[in-house]
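Asker: So you can see what is in the structure, the chains are spelled out below.
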Amino acid sequence: MTAGRKSSSPNSSWAGFALVAPALLVIVIFFVGPMLLSIASAFQDKSGTWTLANFDKSLELYLGDLGYTAIITIAATLAIGVVSVAIGGYLTLGRNPRAQTVLRWLYRWPLFIPFIVAGQVMRTFLAKNGLLNQLLIGSGILEPLTAQSYLDWRGIVLAFVWKQTPFVALMVAGAMASIEPAHIEAARNLGAGRMRILGEIILPQIRRTLMVGLVLSYVTILSVLSVPLMINPNSPTMMTVDVAYRINAHGDYGVANALCLVSLALASLGAWFYLRQGVARKGVE
Amino acid sequence: MSAIAVPQPLQDAASGRTRRIGLIVLRAALLGLLAFIIFGPLLNLLLWAFAERWYFPNKLPSQYGFTFWARVFDPRGNAMASLLTSVGIAITTVIVCLAFAVPAGLALGRLQLRWRAAIMLAFLLPNAFPNLPVYVNIARVFYELRLAGTVAGVVLVHAAHGLVLAVWITAAAFASVDKSLEEAARNLGASAWRCFLTITLPLAAPGIIAGAIFVFLESLDEFTGTYFVGVPDVITLPLLMFNASMGGNYQIASITALLLLVPSIGFMLLVERFLKPNVMAMVGR
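Order-wise, the sequence lines are chains S and W. Residue numbers for the first sequence follow this note's numbering, so the first one is 1 and each next one is one higher. Residue numbers for the second sequence follow this note's numbering, so the first one is 286 and each next one is one higher.
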């Protein structure tokens, strides 16, 4: 009956490829092509001669921003990891069902909020007369005269953590919920505290999920333009903003693409870290 | 030491109670802080949306009103034109995207393709790299092809980006359709085409609709691609919001941001209806 569906039938295989081919072609034209163009352009000057000058100029002008980008990206990724594990951990191990219900309802809100809106929202929240300062002044932590705006690296980190944590927390909480309850029960019966159960029983089992979520977030933070552009467009800033500036102000595709390649290298670092974890895990098994 | 010796168990109970109350206060404070961090920025946006006047030393707007709402919703205003552009682009993007994603999803979800894992990976790759270089260089090519600054150019960029997610979700939707129903239809004499139209497609429809909504929202919220490819003529809602915010017009920016928030949050509340667990379980299989 299903002879037409078997892969051994050349007809069905060709039909399958015919169905996939147009979509694959779109990926090749709109992702692979521009990516190759970017790499080629990074090594060419305006007349098309091969050169490394773009990288010299990039490092000379934007070395500081490279460090700034790396620090923001790593700090935000780590913070996302810590908060996500805390949320997932409380949802799994908390003793108060009502607090768990509130938390479950609460933490997802920023999930589908677009980055550009997150940027605008934070621009108002972190400004000098924003609500954050008003809370700090109102609770006596801050003097009204020393109030300042947080629209610098702190704002960028906070915006990314705010926007990206729900996504990772959702993955982490899902993974934690699917852990065999007997493992947690056994540890509890042996007298392990909740922190210890989280660190020694739960975390090792969800490490892969957490890593996938964090690597995706890390790459996202490296490539989102709107958040740094809205929160802190002036130097020092993130490299995405520098790329936009090179193109809009100078039409300088060479340096822009060299900068893209450098942040691609930063992104690959994340992927490499992830793959190494995967390999290490396979080695253990 | 007090003169009246309190029996040990009673003392324990009392200190246990203070500890419990302390824990409850701590829990409530942490949840309250989290609620402030999540909703504070949104509340701040709401304040700006209704503020007529709000200068620095003032904690809250000195005057509220709807002047800026009238300006945004003026049928001849920029904002309504941008809304129309955005919705038009998003709908076209969904149509283009589904035209490519449904056949590909059918092949990847249903047929036993050779190199299926590699093909699925190819559809994941665009999300694993920073997409800034892609947009920058597409914009450059589109400029040569006279597609820069046109709606068609923006739709192409959005559709290519949306395809990644659409293929994965439609593949999962088709994979979750029970094969025995199709076989029953074929046994009763239905043609392959009729079986697809009356059995497979309707059963996969909720998942495909979920994919379509994702693509629609992604297009509606997309900033970076439009920023590079759409300039200077195509001004979608996110670009209008960005321009207003950078120009210091926080009211217009905040109202526009609210317009963009409504579909995102509405979708968050709806997503579970369309993205059923049996489809979710098939994502990435």
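I should point out that these hints are in silico values taken from the structure, not numbers from a laboratory. Just so you know, these numbers come straight off a predicted model, no measurement behind them. For every residue, glycine included, the Cβ atom is placed at its ideal position computed from N, Cα and C. Hints are not guaranteed to be accurate.
What the hints assert, rightly or not - Which stretches of chain W does chain S cover? Using the computed rule of at least three CB atoms under 8 angstroms from a CB of chain S, they are: (1) 358-372; (2) 434-440; (3) 490-499; (4) 532-541.
Unchecked claim - To spell it out: a stretch of chain W is covered by chain S in this simulated footprint if at least three of its residues, at any positions, have a beta carbon under 8 angstroms from a beta carbon of chain S; those stretches are: (5) 310-321; (6) 324-334; (7) 377-390; (8) 506-516; (9) 546-554.
Asker: Which numbered hints does this structure break?
Answerer: 1, 2, 3
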